[in-house]
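Peer 1: Top line first, the protein sequences correspond to chains R and L.
Number 198 marks the last residue of the first sequence (the working numbering); no jumps.
Number 277 marks the last residue of the second sequence (the working numbering); no jumps.
Some clues are possibly wrong.
Unchecked claim - Here are the computed lysine-lysine pairs in the DSS-like style, where the Cα-Cα straight-line distance is at most 30 Å:
hint, chain 1, residue 1, chain 2, residue 2
1, L, K48, L, K193
2, R, K64, R, K76
3, L, K89, L, K54
4, L, K54, R, K149
5, L, K85, L, K101
6, L, K22, L, K48
7, R, K32, L, K101
8, L, K56, L, K89
9, R, K64, R, K121
10, R, K149, R, K175
11, R, K175, L, K83
12, R, K121, R, K32
13, L, K48, R, K121
14, L, K54, R, K32
15, L, K22, L, K85
16, L, K39, L, K101
17, L, K137, L, K101
18, L, K39, L, K193
19, L, K136, R, K149
20, L, K85, L, K48
21, L, K83, R, K149
22, R, K76, R, K175
23, L, K39, L, K56
24, L, K48, L, K101
25, L, K22, L, K83
26, L, K22, L, K101
27, L, K56, R, K32
28, L, K136, R, K121
29, L, K89, R, K149
30, R, K76, R, K121
31, L, K22, L, K89
32, L, K22, L, K136
33, L, K137, R, K121
If you're looking for bench data, these hints aren't it; they were derived computationally from the structure.
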Amino acid sequence: MIRMKNLFIILLALTLAGCGYNDLQRRDEQIKANWSEVLNQYQRRADLVPNLVRTVQAFAAHEKEVFTQVTQARAKVGSLNLSAETIQNSEQLGNFQAAQSELSGALSRLLMVSENYPQLKSDGAFRDLQAQLEGTENRIAVARNRYIKAVQEYNITVRSFPSNLTAKYFDFTVKPNFSVDNAAEISKPVEVSFGGDK
Amino acid sequence: MRYLIGLLLFSWSLLASAEAVKIPDYTQPVIDQTGTLTKAQIQGLTAKLGALEKEKGAQVAVLVIADTGDDTIEALSLQVVEKWKLGRKDVDDGVLLLIAKESRELRIEVGYGLEGALSDVIASRIIRDFITPEFKKGNYAEGIDTGITQIINVIQGEPLPEPANPLDDLPEWQRSLLYAFLMALAISAVLEKAVRLVDIPNYAVSGTAAVIGFGAYFVIFGSVIYALACAVMAFVIPMITANGGMKSSSRDRGNSSRSSSRGGGGSFGGGGSSGSW
């Protein structure tokens, strides 16, 4: 009789571990960690912008249009409310991504403009800023990829059997993810009307 | 039909593997797949990097490949460090200098722990001011050497945790058991010598060894449980060695300078800088 009871307890423990509850929890936490890294790196880029604009302005003061674009995109990014809830809401995530890629586009145009100024290109401060910007863009790419992977893993767990039953019971829902075609967005000429509606 | 699908899958996987650059296993700190560096140059670099790891604990590696294939150098370099896990776990003090010779691109990939000292700006300056000028002249060995020297200089200036004693990696109980075993071994060795002078039976030797082992461990480390373990081992070892006698096999372990042939578990987040020449 005692043996039967022990067997039952072991079986219960096994089914609980097998139902994916722990996996769901772990992957959910992983997403949060990766998301804060994404925010962190985007913030880092936003912090670089004022310095970069100032440095380019010193050499190419009359390229006013680009500066306005960058500054406005930067302001838009800064005005976003970046809370942890963003990752639950696909609309907010979409806005976030749109604002960030707007800034990406504006920054790449700024760098393109700076190509026309040999003096600027050889300026030490500008080169350092450029290195920082490149490094940050790369970190953003890495952080985004890791976030995308974490959300994928989580979503697969939420959808696949038998963990989907657990997910349903404990209200774990599928999370929205970044779209991966961001690279194409950046390289294409920016068509968004900057500052018109903002 | 099934064979056909299998064949398709197989050829597809062959195609896929042909496009991606194969990342070698981490066997030594300097890996050159292009035959650019001479054996002596590789040895020189390895010695430098080994000395750094011994002194500061940081793990720096050099990889020279032909080209980056379909990947960007940034993506490739991240794949390499994610596979190699350079640097110590939780200190994350690994650095990779990746050179794609035919693509004429290079990258310094910096682990989280060194992003402060070897910032993107510093990494980019090392590439711009030290490495690529040499590469442009075709002096690959010189470029790599001066680049590595700069990286080492930067790391030297950074306060990092001391290189770990290999024993520190072991969990507490394993270390305690190891100490107990070593102590038991020492006690029985000493007793064996003494036995040769006076003729006493084996069990008496074992008994004495056990008592001394318990007492010594308890006095030094203060743990009853491990002292008991030490006593048991001290009791058993003379039994075993009494039959064959303790052959002092001083196995030569070779020159085990801790220029490790595996990564330490460090993580990377895309820090560093790239360049081309």
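Peer 1: Could you run down the list of hints and mark each one as holding or not?
Peer 2: Checked hints:
Annotation: proposed proximity of K48 (chain L) to K193 (chain L) is violated, straight-line Cα distance about 45 Å (limit 30 Å). Proposed proximity of K64 (chain R) and K76 (chain R) is supported: the alpha carbons are some 18 Å apart, at most 30 Å. A C-alpha spacing of about 16 Å is found between K89 (chain L) and K54 (chain L), which places the hinted pair at or below 30 Å, so the restraint holds. The hinted pair formed by K54 (chain L) and K149 (chain R) fails the criterion: a straight-line CA distance of about 36 Å is larger than 30 Å.
Under the criterion of a C-alpha separation no larger than 30 Å, the hint pairing K85 (chain L) with K101 (chain L) is consistent with the structure, at around 23 Å. Distance check on the hinted pair: K22 (chain L) and K48 (chain L) sit about 27 Å apart at the alpha-carbon level, within 30 Å; holds. Using a Cα cut-off of 30 Å, the hinted pair K32 (chain R) and K101 (chain L) is violated, with the two alpha carbons roughly 39 Å apart. Taking the CA atoms of K56 (chain L) and K89 (chain L), the gap is near 14 Å; set against the 30 Å cutoff, the hint holds.
Restraint check for K64 (chain R) and K121 (chain R): the C-alpha separation of about 18 Å stays at or below 30 Å, so the hint holds. The hinted pair formed by K149 (chain R) and K175 (chain R) meets the criterion: a straight-line CA distance of about 12 Å does not exceed 30 Å. Proximity of K175 (chain R) to K83 (chain L) is assessed by CA-CA distance (about 28 Å); at most 30 Å being required, the pair is judged to hold. Straight-line distance between C-alpha atoms of K121 (chain R) and K32 (chain R) comes to about 39 Å, which puts the hinted pair past the 30 Å bound.
A distance of roughly 35 Å separates the Cα atoms of K48 (chain L) and K121 (chain R); the hinted pair therefore is violated under the 30 Å criterion. Proximity of K54 (chain L) to K32 (chain R) is assessed by CA-CA distance (about 37 Å); at most 30 Å being required, the pair is judged violated. Between K22 (chain L) and K85 (chain L) the CA atoms are separated by roughly 17 Å; this keeps the pair inside 30 Å, and the hint holds. Between K39 (chain L) and K101 (chain L), the direct Cα distance comes to roughly 18 Å. Compliance with the 30 Å bound is thereby established for this hinted pair.
For a cut-off of 30 Å, the pair hint linking K137 (chain L) to K101 (chain L) stands: about 13 Å separates their Cα positions. Between K39 (chain L) and K193 (chain L) the alpha-carbon distance is near 49 Å, which puts this suggested pair outside the 30 Å criterion. A C-alpha spacing of about 39 Å is found between K136 (chain L) and K149 (chain R), which places the hinted pair above 30 Å, so the restraint is violated. Simply put, K85 (chain L) and K48 (chain L) have alpha-carbon atoms about 20 Å apart, close enough for the 30 Å limit, and the pair holds.
Of the supplied pair hints, the one linking K83 (chain L) and K149 (chain R) holds, its CA atoms being roughly 17 Å apart against a limit of 30 Å. Only pairs whose Cα atoms come within 30 Å are accepted, and K76 (chain R) paired with K175 (chain R) is accepted, the gap being roughly 24 Å. The straight-line distance between the Cα atoms of K39 (chain L) and K56 (chain L) is roughly 26 Å, inside the 30 Å bound, and the hint therefore holds. Proximity of K48 (chain L) to K101 (chain L) is assessed by CA-CA distance (about 22 Å); at most 30 Å being required, the pair is judged to hold.
The straight-line distance between the Cα atoms of K22 (chain L) and K83 (chain L) is roughly 11 Å, inside the 30 Å bound, and the hint therefore holds. With a C-alpha separation of about 15 Å, the suggested pair K22 (chain L) and K101 (chain L) falls inside the 30 Å cut-off, and the hint holds. Straight-line distance between C-alpha atoms of K56 (chain L) and K32 (chain R) comes to about 33 Å, which puts the hinted pair past the 30 Å bound. A threshold of 30 Å between alpha carbons decides the hint, and for K136 (chain L) with K121 (chain R) the separation of about 20 Å falls inside it, so the pair holds.
For the hint pairing K89 (chain L) with K149 (chain R), the CA-to-CA distance comes to about 22 Å; that is within 30 Å, so the pair holds. Simply put, K76 (chain R) and K121 (chain R) have alpha-carbon atoms about 28 Å apart, close enough for the 30 Å limit, and the pair holds. For the hint pairing K22 (chain L) with K89 (chain L), the CA-to-CA distance comes to about 25 Å; that is within 30 Å, so the pair holds. A threshold of 30 Å between alpha carbons decides the hint, and for K22 (chain L) with K136 (chain L) the separation of about 26 Å falls inside it, so the pair holds.
A distance of roughly 23 Å separates the Cα atoms of K137 (chain L) and K121 (chain R); the hinted pair therefore holds under the 30 Å criterion.
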